[in-house]
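Undergrad: What follows is the residue order along each chain.
2 protein chains.
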Amino acid sequence: MVIDALIQKIKEKKSPCVVGIDPEWSKLPDCYKNTGLTKPEALLQWATDVIDSVAEIVPAVKPQMAFFEVFGAEGIAVHEKVVRYAHEKGLIVVDDSKRNDIGNTAKAYAFAHLAKDGPINSDFLTVSPFLGTDSLQPFIDTAKAEGKGLFVLVKTSNPSSVEISEAVTASGEKVRDWLAGYVNTIGEECVGVEGYSAIGAVVGATYPGEAEDLRKIMKNNFFLVPGYGAQGGGAADVASSFNEDGLGALVNSSRGILYHHVNVPGFEGSREQYCAIVKAQAEAMQKAIYSELKKHYPEMVY
Amino acid sequence: MVIDALIQKIKEKKSPCVVGIDPEWSKLPDCYKNTGLTKPEALLQWATDVIDSVAEIVPAVKPQMAFFEVFGAEGIAVHEKVVRYAHEKGLIVVDDSKRNDIGNTAKAYAFAHLAKDGPINSDFLTVSPFLGTDSLQPFIDTAKAEGKGLFVLVKTSNPSSVEISEAVTASGEKVRDWLAGYVNTIGEECVGVEGYSAIGAVVGATYPGEAEDLRKIMKNNFFLVPGYGAQGGGAADVASSFNEDGLGALVNSSRGILYHHVNVPGFEGSREQYCAIVKAQAEAMQKAIYSELKKHYPEMVY
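Residue numbers (the working numbering), protein chains in the order written: chain V, 1 to 302; chain S, 1 to 302.
Everything labelled a hint here was simulated from the structure, so no lab data went into it.
Just so you know, not all the hints are guaranteed correct.
Note: identical chains are not told apart, hence a pair may lie in one copy or across any two.
[Stated by the list, open to error] Calculated cross-link-like contacts (lysine to aspartate or glutamate; reagent style EDC-like; alpha-carbon spacing at most 20 Å): (1) Lys107 - Glu24; (2) Lys33 - Glu299; (3) Lys116 - Glu268; (4) Lys39 - Glu80; (5) Lys116 - Glu24; (6) Lys33 - Glu74; (7) Lys27 - Glu88; (8) Lys39 - Asp117; (9) Lys27 - Asp237; (10) Lys294 - Glu244; (11) Lys39 - Glu24; (12) Lys219 - Asp30; (13) Lys27 - Glu166; (14) Lys116 - Glu292.
A quick note: this is a predicted structure, and the numbers were derived from the prediction, not measured.
So that you can see chain V by itself, here it is in the shape it has in the complex (with noise of 0.2 Å):
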């Protein structure tokens, strides 16, 4: 099961950190688009190159589905390329793309994200909940029978994301409250070895304390946490939406890895020097969160 590899690798890596890989083509750096490739040869070359700069630093890496889709056909069979290399380089790919329908049109995003015979073959795929529990199930069933798992959008940090997720339920609780326990109880079909289950949570918490409530209720379950770097949290943010064993939670950072060149003032274009910050700030966003984590969790596992 794909969620024991994720845990075996945060600890070999001593880091519960995930890299975006958001191709934004204005964003980069020019050594990959003056250099006679065609757009989606510079792409795969440079996602090629920050997976061989994080490789070493990060467990896993997540592709945005939307930042492919902008280059068409040919940015799809980008993205296929890039979760393969990733694979080769020995990563776990978290697939964001937020899909969600029902029945047969869920079961074939499904197949097409996650089933090791489908294109894309990722290892996790982020989903939406809007329409309801039913709609969630055919990703479930996707992911149990693959071995591979999933995030649930449960909680976002951008502002409007309360209007939804605080509403109440026929049951009384707020929305989110209520995903984290449909998250956790049908996440109890897909518990690894590890104790953690492959069907986790997208928890981007807006307020201090979110985090640890959502973390109550979803005891067992991975948290996918986006913000870090760019969006303005930092690590001491974060460690809430862990456990004491300082496992649970996967902290992302796109922006502030992939396009952090332009705050660097010796910036001189080469590939090289590029690949050295993107590997730099792997390991500052590593070092910061590892080092919280070891502050709050003294008792951690590693």
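Knowing the structure of chain V, use the given hints to seat chain S on it.
TA: Frame of chain V; chain S shown alone:
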């Protein structure tokens, strides 16, 4: 604006109907599969046959992205060709992808699916609102800038849809009513010359009166109504999604048209026969809905 073009075509064809393009390989008739064509070629042949068969009967088609993603980058390339072919045949394209994300990522999805300079260039896109109104804004901005449209998921017809859509927001409304109010208000920025907004809603009613209630909140927004035919709803069930002018809704059928051939006793498997069945099913849908609307709304404008 595509909303005006849609209304013009609905009037011309006397048909507020849309045919889904859902390529499920196992359900495709053998005449497309055992022909020596590659899979992508076969999918394109099938989809263009369907489009040719219904082009004079309906104003729009609705390719379901999930069923193209199953085939990977090659499937996405077919999807792009299907959209172009539908446009060549004068059809409006409703891109049913239920995309959702925040900030730059939402903007990337909006560009990929709706922009005239983007790879897909659809006319309308379905979007999922779980992340809240700030997550929908980039889609609205793009739709507005490109003269395109959206259908925001407000209420779907699957049993679990009530879990979130009937939760109660901070304003004391059910999520679906609050979303309906939001769609109506934000849609005021994109009203065409025919008086309807380019920002519509997906409304699959689960009880009598639900569509009517939502209609009262979204007077000048189009409803995309799923579930005609195969999903159990008939012409009488959808009339309440319309206004008295006979406009304001687009009723979709997918499987009931695409895969009806298996219910036809004399089906011998030729493309010609398959296309005739698809055409007859689309005509039957158009007739049933148009005559039901005439009965309900004798003052309708077409």
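Undergrad: Hint by hint, say whether it matches the structure.
TA: Taking the hints in turn, this is what the structure says about them:
1. Lys107 - Glu24: between (29 Å within a copy, 11 Å between copies)
2. Lys33 - Glu299: For lysine 33 and glutamate 299, the Cα distance exceeds 20 Å both inside one copy (47 Å) and across copies (59 Å).
3. Lys116 - Glu268: neither (42 Å within a copy, 36 Å between copies)
4. Lys39 - Glu80: The answer is both: 15 Å in one copy and 18 Å across copies each meet 20 Å.
5. Lys116 - Glu24: between (28 Å within a copy, 19 Å between copies)
6. Lys33 - Glu74: within (16 Å within a copy, 25 Å between copies)
7. Lys27 - Glu88: neither (26 Å within a copy, 35 Å between copies)
8. Lys39 - Asp117: The answer is between: 16 Å across copies meets 20 Å, while 28 Å in one copy does not.
9. Lys27 - Asp237: neither (27 Å within a copy, 50 Å between copies)
10. Lys294 - Glu244: within (10 Å within a copy, 66 Å between copies)
11. Lys39 - Glu24: The answer is within: 12 Å in one copy meets 20 Å, while 31 Å across copies does not.
12. Lys219 - Asp30: Neither. Shortest intra-copy (45 Å) and inter-copy (50 Å) distances fail the 20 Å Cα cut-off.
13. Lys27 - Glu166: For lysine 27 and glutamate 166, the Cα distance exceeds 20 Å both inside one copy (35 Å) and across copies (41 Å).
14. Lys116 - Glu292: Neither. Shortest intra-copy (36 Å) and inter-copy (47 Å) distances fail the 20 Å Cα cut-off.
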